[in-house]
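**Student:** Sequence:
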Amino acid sequence: MANVDRLRRAKGLTVGELLSRAGMTKSYYQSRAGLSLPYNTNDLEALATALGVTPEEVASPESASRVGMRVPARPLAERVRRLVASQGAADGDLLDHLAGIDPALADSARALLSAETNTVVLDEEVLRLIAHWADVPGEYLIDYTDEAVTDRTEAELELRDAMRAAGASAVHFRALGQMSPDALRAIARSLRGGPPAT
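Residue numbers (my numbering): 1 to 198.
Be aware that a few hints might be false.
Quick list of simulated restraints, FRET-style, between CB atoms [to be verified]:
1. Pro38 <-> Ala10: 20 to 26 angstroms
2. Thr117 <-> Thr49: 39 to 45 angstroms
3. Ala104 <-> Pro38: 28 to 34 angstroms
4. Asp146 <-> Arg192: 37 to 43 angstroms
5. Thr25 <-> Glu116: 40 to 46 angstroms
6. Thr25 <-> Asp151: 18 to 24 angstroms
7. Tyr28 <-> Gly193: 35 to 41 angstroms
8. Ala148 <-> Asp96: 28 to 34 angstroms
9. Arg192 <-> Asp93: 23 to 29 angstroms
10. Thr119 <-> Ala148: 34 to 40 angstroms
Hints in this document: simulated from the structure, not taken from any laboratory.
Just so you know, even glycine gets a beta-carbon here, dropped at the ideal spot from N, CA and C.
Construct all of the structure, not just a fragment, from the sequences and the given hints.
**Tutor:** So this is what it looks like as structure tokens:
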């Protein structure tokens with residue numbers, strides 16, 4: 001998935017354009033992007049053709065070059081802090097997690113969280129790993145201008161907060177399927193309001 005996203009951005013394609021070229025539906029793609037179902041060889045061939053690369057380039061993480069992204073520091077740091085809070089964690093917990101993978105990734109995340117400039121350059125993999133750690137779509141941090149992804153993810157985070165406040169110890173959003181952001185927010189409001197009056 002990381003290679004598909006990197007190659008897609010390198011080609012200047014939106015997710016919709018990639019799906020159209022590969023002959024995939026959005027739900028089919030999302031089930032694989034969410035790691036609930038694996039890609040098969042036909043999928044790899046379709047994606048490779050759509051991206052103009054070989055199937056080996058799609059399937060091999062070693063062949064994908066790291067992608068540096070210039071991102072707005074303050075809004076992205078706010079999103080990362082929102083994700084940390086949604087996990088009931090602290091910045092240090094996230095940084096320790098990243099340091100366990102690669103200390104350079106933790107340094108990159110630390111630079112984002114402490115940035116005093118308007119923009120920072122980050123390795124895209126840092127953002128992907130933070131999103132994975134927080135159980136949200138990578139696009140929430142990587143394609144931060146995608147309003148649909150932002151709306152859906154922030155609705156999920158609102159519901160996660162409400163469920164945690166109601167006593168849920170673990171929340172897995174892949175189980176919610178394709179609920180609309182409005183439906184997720186309505187459930188969160190209902191949980192915050194407590195039981196209905198009798």
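**Student:** Return holds or violated for the Cβ distance of threonine 119 and alanine 148 against the range 34 to 40 angstroms.
**Tutor:** violated (24 angstroms)
**Student:** For the pair proline 38 and alanine 10, does the Cβ-Cβ distance stay inside 20 to 26 angstroms?
**Tutor:** About 24 angstroms separates the Cβ atoms of proline 38 and alanine 10, which means 20 to 26 angstroms holds.
**Student:** Does 28 to 34 angstroms hold as the CB distance between alanine 104 and proline 38, or does it fail?
**Tutor:** The hinted range 28 to 34 angstroms holds for alanine 104 and proline 38, with Cβ atoms some 29 angstroms apart.
**Student:** Hint says 37 to 43 angstroms; check whether the CB-CB distance for aspartate 146 and arginine 192 agrees.
**Tutor:** violated (27 angstroms)
**Student:** Determine whether the Cβ-Cβ distance between threonine 25 and glutamate 116 falls within the hinted range of 40 to 46 angstroms.
**Tutor:** holds (44 angstroms)
**Student:** Are threonine 25 and aspartate 151 spaced within 18 to 24 angstroms by their CB atoms?
**Tutor:** holds (21 angstroms)
**Student:** Is the distance from the Cβ of arginine 192 to the Cβ of aspartate 93 consistent with 23 to 29 angstroms?
**Tutor:** At roughly 25 angstroms between Cβ atoms, aspartate 93 and arginine 192 fall inside 23 to 29 angstroms, so the hint holds.
**Student:** Take a look at whether the Cβ-Cβ distance between threonine 117 and threonine 49 falls inside 39 to 45 angstroms.
**Tutor:** Hint holds: Cβ distance 41 angstroms, inside 39 to 45 angstroms.
**Student:** Assuming the hint says 28 to 34 angstroms, is it satisfied by the Cβ distance from alanine 148 to aspartate 96 or not?
**Tutor:** holds (32 angstroms)
**Student:** Against the range 35 to 41 angstroms, how does the distance between the Cβ atoms of tyrosine 28 and glycine 193 compare: consistent or not?
**Tutor:** holds (37 angstroms)
In summary, the structure is inconsistent with hints 4, 10 from the numbered list given earlier, while agreeing with the others.
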